[in-house]
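Chains as they are written, first to last, in the working numbering: chain A, 1 to 234; chain B, 235 to 528.
Read the hints as simulated data drawn from the structure, not as lab findings. On a predicted model such as this, the values are computed, not experimentally measured, just so you know. From the three backbone atoms N, C-alpha and C, an ideal C-beta is built for every residue, glycine too. Warning: the hint list may mix true and false statements.
Pairwise CB distance ranges (calculated) [claimed, not checked]:
#1 T133/A to P501/B: 25 to 35 Å
#2 A93/A to Y500/B: 52 to 62 Å
#3 K246/B to A93/A: 43 to 53 Å
#4 D334/B to Y15/A: 56 to 66 Å
#5 G23/A to Y337/B: 31 to 41 Å
Partner residues are not named here, just some residues of chain A that face chain B (Cβ under 8 Å, in silico) [as the list claims (entries may be wrong)]:
#6 G90
#7 L165
#8 N209
So the chains spell out like this:
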Amino acid sequence: MAETLLKVNDLQAWYGESHILHGVDFEIGRGELVTLLGRNGAGKTTTLKAIMGIVTARTGSVEFDGRETVGQPSNAIARQGIAYCPEERGIFASLNVEENLLLPPQVRQGGMSLDEIYRLFPNLAERRRSQGTKLSGGEQQMLAIGRILRTGANLLLLDEPTEGLAPVIVQRIGEVIRTLKSRGFTILLVEQNFHFAATVADRHYVMENGRMVDTVSAAEARASLDKLQAYLGV
Amino acid sequence: MFDGDLADLLQKIAAQGTLGLINGAFYAMLSMGLAVIFGMLNVINFTHGAQYMMGAFAAWLMLTWLNIPFWAALVLAPVVVGLFGVVIEKLMLKRIYHLDHLYGFLLTFGLALVIQGLFQFQWGSSGAPYPAPITGGTNLGYMYIPTYRGFVVIAALVICLATWYGIERTRLGAYLRAATENPTLVRAFGINVPRLITLTYGLGVGLAALAGVLAAPIYQVSSLMGANLVLIVFAVVVIGGMGSIMGSIVTGFGLGMIEGMTKVLYPPASNTVIFVVMAIVLLVKPAGLFGQTR
Chain A
1 MAETLLKVND
11 LQAWYGESHI
21 LHGVDFEIGR
31 GELVTLLGRN
41 GAGKTTTLKA
51 IMGIVTARTG
61 SVEFDGRETV
71 GQPSNAIARQ
81 GIAYCPEERG
91 IFASLNVEEN
101 LLLPPQVRQG
111 GMSLDEIYRL
121 FPNLAERRRS
131 QGTKLSGGEQ
141 QMLAIGRILR
151 TGANLLLLDE
161 PTEGLAPVIV
171 QRIGEVIRTL
181 KSRGFTILLV
191 EQNFHFAATV
201 ADRHYVMENG
211 RMVDTVSAAE
221 ARASLDKLQA
231 YLGV
Chain B
235 MFDGDLADLL
245 QKIAAQGTLG
255 LINGAFYAML
265 SMGLAVIFGM
275 LNVINFTHGA
285 QYMMGAFAAW
295 LMLTWLNIPF
305 WAALVLAPVV
315 VGLFGVVIEK
325 LMLKRIYHLD
335 HLYGFLLTFG
345 LALVIQGLFQ
355 FQWGSSGAPY
365 PAPITGGTNL
375 GYMYIPTYRG
385 FVVIAALVIC
395 LATWYGIERT
405 RLGAYLRAAT
415 ENPTLVRAFG
425 INVPRLITLT
435 YGLGVGLAAL
445 AGVLAAPIYQ
455 VSSLMGANLV
465 LIVFAVVVIG
475 GMGSIMGSIV
485 TGFGLGMIEG
495 MTKVLYPPAS
505 NTVIFVVMAI
515 VLLVKPAGLF
525 GQTR
C-alpha cells in the first residue's frame, strides 16, 4: 500500500442517544480508491460524516496526512484537504450551476480549474446559468462531484454517487471516478452497488452494525463474490 | 372648475405619495435588515427598532458630546451599533438557534424593552432635535421638498440596491444564500459558518443603525422612535415575504407611497392601510408578495 493518507482508529460516533459507530478501523493510502460496502444502516454514511466532522459526537482517532482531526470543527477539517459529496447531493436551489461550482473555497493549491471541470462535465457548461436544482438527477450528481474538484482537496469522500441514476449515467460517473483516480485524487467511496464498486476500487471494506467486518482487495473481489453478496444481502 | 379640482387632487396625491416615499425609505431599509437576519439566523429580530433608535442616539451623542458631524456619524454610528449587535449575537442569540422560534422572539423582544427602557430612563421620551445636515429645499414642480429628505430617499435606494447586489451577485452573498439553505454542508466545505452568522447579524443591525442616523434629522431622536416604527416594518416584511430582500425593498417604498396617498384619499385610514394591505396579501398569497414557500 502507498504511504498512508487517512488512518481511522477506533472511531465511534453517536446521533443523539443512538450509538452508530462502534469502533471503526481502516486506512487509505495516497492515491488509492477504496470503497465502504455494507447494507443500509451499517454506518457507511455516518463514517464519512464523522471523518468530515459533520457528526460531532465522535471519539477515537482520524489522522489525515499525519494530523489528528477528531475534535476539530468541519470547516477546519475541510481546510486541510478533505472534501465531501453528500448522498443527497446538496445542490443549492438559490445558486445557479456556476455559483454552486464556485461555492466551496479553495483550500489548497492544485485544484482543477473551472474550464477543466466543464470539460469533464460538458452538460454543466451548457447549463451554467440554470438554477442548481433544476438539473436532472445525473447532472446534479455531476455538479456535486465537480464542485469539490476545484478546491484542491486531495481526499474525496463520495457518498453513493450512483444512487437512483440510469445505467448509462452510472457508467459516466464510473469513468469520471477513474479519471479522478488517474489524476491522483484519493477517494473513499460509499456504495451499495457492488458491481459498480468492483469496476473502480483498489480495495473494499465491508461494514456491518457500525464495525468493519472484512477487507477484500480488488484482486480477490471476483473470487469472493459470494461472500460479498452475502454481506450486502442481495 | 371640475378640471381644476381634479388637477388639485392629483397634485395632492403626488405630493403625499412623494412624502410617503420618505417614510417608505425607512420601511425599506429596516425591513431589508430584518429579511437578511431572518434568512441567515432564522430569528425574527424584534430588537431591530431599538437598534434603529440606538443608531439615531449614537449620532446625536456623537454630535452633542464629541462634536462629531453628521457625515462622520453616518459611518461611525452604524459601526458602533453593529459591533453591539455582534456582542449580542455572540453572548445570547447564538445559544438559542436550535430552539423554537418562540425563544428568539422572547429574547429579542425582551432585549428591545430593556434597551428602550434604559434610554428612556436616561434621556426621557420627549425627544431631542438633530439639525439637518443639508438645509434648503428643492422645488419639484408639484411640491416643495426639503433637500435633505430627497437625499434620504436616494441614499436609502442606494443602500438597498447595494445590499441586494451584495447578497445576490457576490461571492460572500453566495455563501450567505447557501448557508441559509444548508449551513452544515457549507461548513463542511471549509466556510466558518458561525462567524458568517455573527457577521450577518452585525451587518443587519448596522443597517438598522444607519437608517436611525438618517432618520435623526427628520424625526426626533427619542427612546421610543423605533418602537413605533417597528410594528409597521414587521407588516412590510410579512407583505414582502419573509426573507426576501427585493420583496422588502419594493414593499417598503411601495407601502410608504400607499400610506401617503391614503392621507389624501381617506385620511382616517392612513394609520391602518398597511395592515389592511397585509391582511389582503396574506389571504391571497400567504407567503407574501415575493416569498417562496419552502
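Verification of the hints:
For the pair T133/A and P501/B, the beta carbons lie near 48 Å from each other, so the given range of 25 to 35 Å is not met. Here the CB-CB span from A93/A to Y500/B is close to 42 Å, at odds with the stated 52 to 62 Å. Separation of K246/B from A93/A is about 46 Å and conforms to the stated range, judged on CB atoms against 43 to 53 Å. At roughly 21 Å, the beta carbons of D334/B and Y15/A sit outside the given window of 56 to 66 Å.
For the hinted restraint 31 to 41 Å between G23/A and Y337/B, the CB-CB distance of approximately 38 Å keeps it satisfied. Annotation: G90/A was flagged as interfacial toward chain B, and the flag holds, the nearest CB pair being 5 Å apart, inside 8 Å. Hint status for L165/A relative to chain B: violated, with the closest Cβ pair at about 20 Å, above 8 Å. Interface hint status for N209/A: violated, as the beta-carbon distance to the closest one in chain B is roughly 25 Å, over 8 Å.
In summary, the numbered hints that this structure violates are 1, 2, 4, 7 and 8.
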